[in-house]
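Residues per chain are reported as follows:
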Amino acid sequence: MHLLSRKRKETFVKILCFLVTAAVIIPLLWIIGDVIYNGLAAWNISFLVSPVIQGGIGNAILGTFIINGMACLFGIPLGVLTGMYLSEYGQEGWFASMVRTTVESLSGIPSLILGLFAYATIIIALSQSATDRHYTAIASALALGLMMIPLVGKATEESMRVISNDIREAAIALGVPKWIRTTRIVLAIAKGGVLTGSLLAFARISGETAPLLFTALFSNFWPTGINQPMASLQVLIYNYALSGYPNLVTQAWGAALFLALIVVAINIIVRVYTKPKYKEGF
Amino acid sequence: MQTKLDVQDLNAWFYQKQALKNVNVKIPEKMVTAVIGPSGCGKSTFIRCINRMHELVPGAKVSGKVLLDGADIYGTMDPMDVRRKVGMVFQKPNPFPNMSVADNVVAGLKLLGTYKKQELSELSDANLKSVGLWEEVKDDLKKSGASLSGGQQQRLCIARALAMNPEVILMDEPSSALDPASTAKIEELVKKLKNETTVIIITHNVQQAARISDMTAFFYLGELIEFDQTANIFESPKNQLTERYITGRFG
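Protein chains in written order, with the numbering used here: chain A, 60 to 341; chain B, 6 to 256.
Derived by calculation from the structure, the hints in this document are not laboratory data.
Any given hint could be a false lead.
As the list claims (entries may be wrong) - Listed below are the simulated EDC-like cross-link pairs for lysine to aspartate or glutamate, each with C-alpha atoms no more than 16 Å apart in a straight line:
1) B/LYS97 - A/GLU228
2) B/LYS9 - B/ASP74
3) B/LYS97 - A/ASP225
4) A/LYS237 - B/ASP83
5) A/LYS237 - B/GLU60
6) B/LYS134 - B/GLU193
Modelling step: build the complete structure from the supplied sequences, incorporating the hints.
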């Protein structure tokens with residue numbers, strides 16, 4: 060009797076867990092299914108390779124990669140240096156704790172605010188007058204790069220910090236100066252974690268729309284330079300989805316599918332890359 | 006007997022705690038000096054003062070002189086230069102996991118200098134041979150240093166220290182994490198090393214000290230209690246404490 064009731068409880072908890080998991084997974088699968096179903100309806104070769112002016116999203120795809128790429132050029136080095144500082148140099152002291160607090164706060168700032176910051180600093184500074192604003196993709200990259208710094212910084216700090224002190228001591232005992240130890244030993248060993256963090260940060264900023272809305276704005280044409288308005292998948296989806304025209308809404312689904320694929324692809328790369336090489340078994 | 010290291014009035018602290026008290030000792034050149042004593046007696050602090058690694062710990066302080074061939078390593082010498090002249094092998098093997106076996110051997114030279122590829126590869130091979138690892142790893146030179154067995158890793162670390170052509174090699178219980186067969190290989194190697202360099206080795210195992218060392222220093226509570234030829238220490242120790250320690254009555 061006692062045993063039976065314990066078994067019954069066991070079964071009950073199992074079923075409960077299953078139902079809760081299903082409740083979480085079903086909406087996710089629904090969203091993915093919806094995006095694939097509606098998105099594929101819009102897809103064909105010319106949709107993906109022609110610019111908005113010709114009814115495609117090619118320039119928005121390219122724009123997203125250019126803006127993200129510029130954000131990486133700025134966000135990854137600063138993030139890595141910040142993480143390196145926090146892990147190897149700034150263990151104590153007021154400056155280190157200030158950097159730490161700043162990084163934490165930066166990761167909590169809504170992306171809209173970062174977009175406004177980029178607008179206020181770059182767009183307004185470059186503009187002739189309030190009626191003639193100079194919109195540029197560089198400002199978007201600044202806002203997105205700022206978002207990347209705490210993500211890359213944290214990943215770098217954590218993957219460097221877990222490296223055993225024995226390794227640092229080995230390098231110290233060889234008379235290797237600290238900056239060489241830090242870059243060519245500790246950072247070199249941590250590079251997998253840094254790369255993973257950077258890829259995930261790239262995926263994270265790929266979905267950000269707010270910082271682009273009033274910085275890169277949009278363009279119907281192929282980009283001809285970086286210091287100009289530029290189309291992006293995010294802003295295209297935002298504009299088209301709200302347009303009310305059925306054909307544009309379909310195109311927004313198509314763009315959403317592409318954006319989702321970028322994020323999924325990055326996550327798969329990270330998964331494969333970080334998979335342990337040797338299976339542990341006893 | 007030429008003196009390699011002349012330690013004068015060496016004191017060391019961690020914050021308020023004094024870990025070494027007035028140590029005076031002359032370490033002879035091209036011999037193996039064993040450092041023995043119970044846990045917490047200052048053995049590790051002592052050897053870490055000889056390559057200026059003690060001062061890296063928060064709260065650490067050192068006073069006194071350590072003369073290496075007559076020059077005070079706490080004088081105008083750059084600590085990095087001191088560490089290139091005084092190599093160290095640690096308790097736990099610590100090869101660089103991001104480097105191959107061959108690169109691990111010449112890691113110090115590679116990270117510090119402008120050596121040609123050919124030079125580095127020759128130095129790597131030569132030092133692997135001198136630690137008796139060459140036959141075991143010659144087909145795996147490109148593999149990660151961390152892929153070797155514990156005993157092989159430790160010999161790799163010794164090769165890495167030797168590649169710097171150091172005047173002195175410090176060893177902090179280099180075989181305490183290894184199996185008996187690997188320990189025997191390390192002991193053979195230490196005995197061979199004194200032809201080329203001066204070895205100071207900490208060991209918890211008094212029999213090991215008796216087997217491999219020429220000189221033995223016994224530390225207790227931060228003080229150097231006795232320093233003499235190993236045979237004298239083990240056959241006729243002058244101090245009661247030394248006798249009690251080596252006969253296993255405490256420690």
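Okay, the hints, checked on the actual structure:
Of the supplied pair hints, the one linking B/LYS97 and A/GLU228 holds, its CA atoms being roughly 11 Å apart against a limit of 16 Å. For the given pair, B/LYS9 sits about 5 Å from B/ASP74 by alpha-carbon distance, which is consistent with the 16 Å threshold. This hinted pair checks out: B/LYS97 and A/ASP225 have alpha carbons roughly 8 Å apart, not beyond 16 Å. Restraint check: the Cα-Cα separation between A/LYS237 and B/ASP83 comes to about 13 Å, which is no more than 16 Å; the hinted pair holds.
Between the alpha carbons of A/LYS237 and B/GLU60 the distance comes to roughly 15 Å, so the proposed pair stays at or under 16 Å and holds. As the CA atoms of B/LYS134 and B/GLU193 are separated by approximately 14 Å, the hinted pair is consistent with the 16 Å bound.
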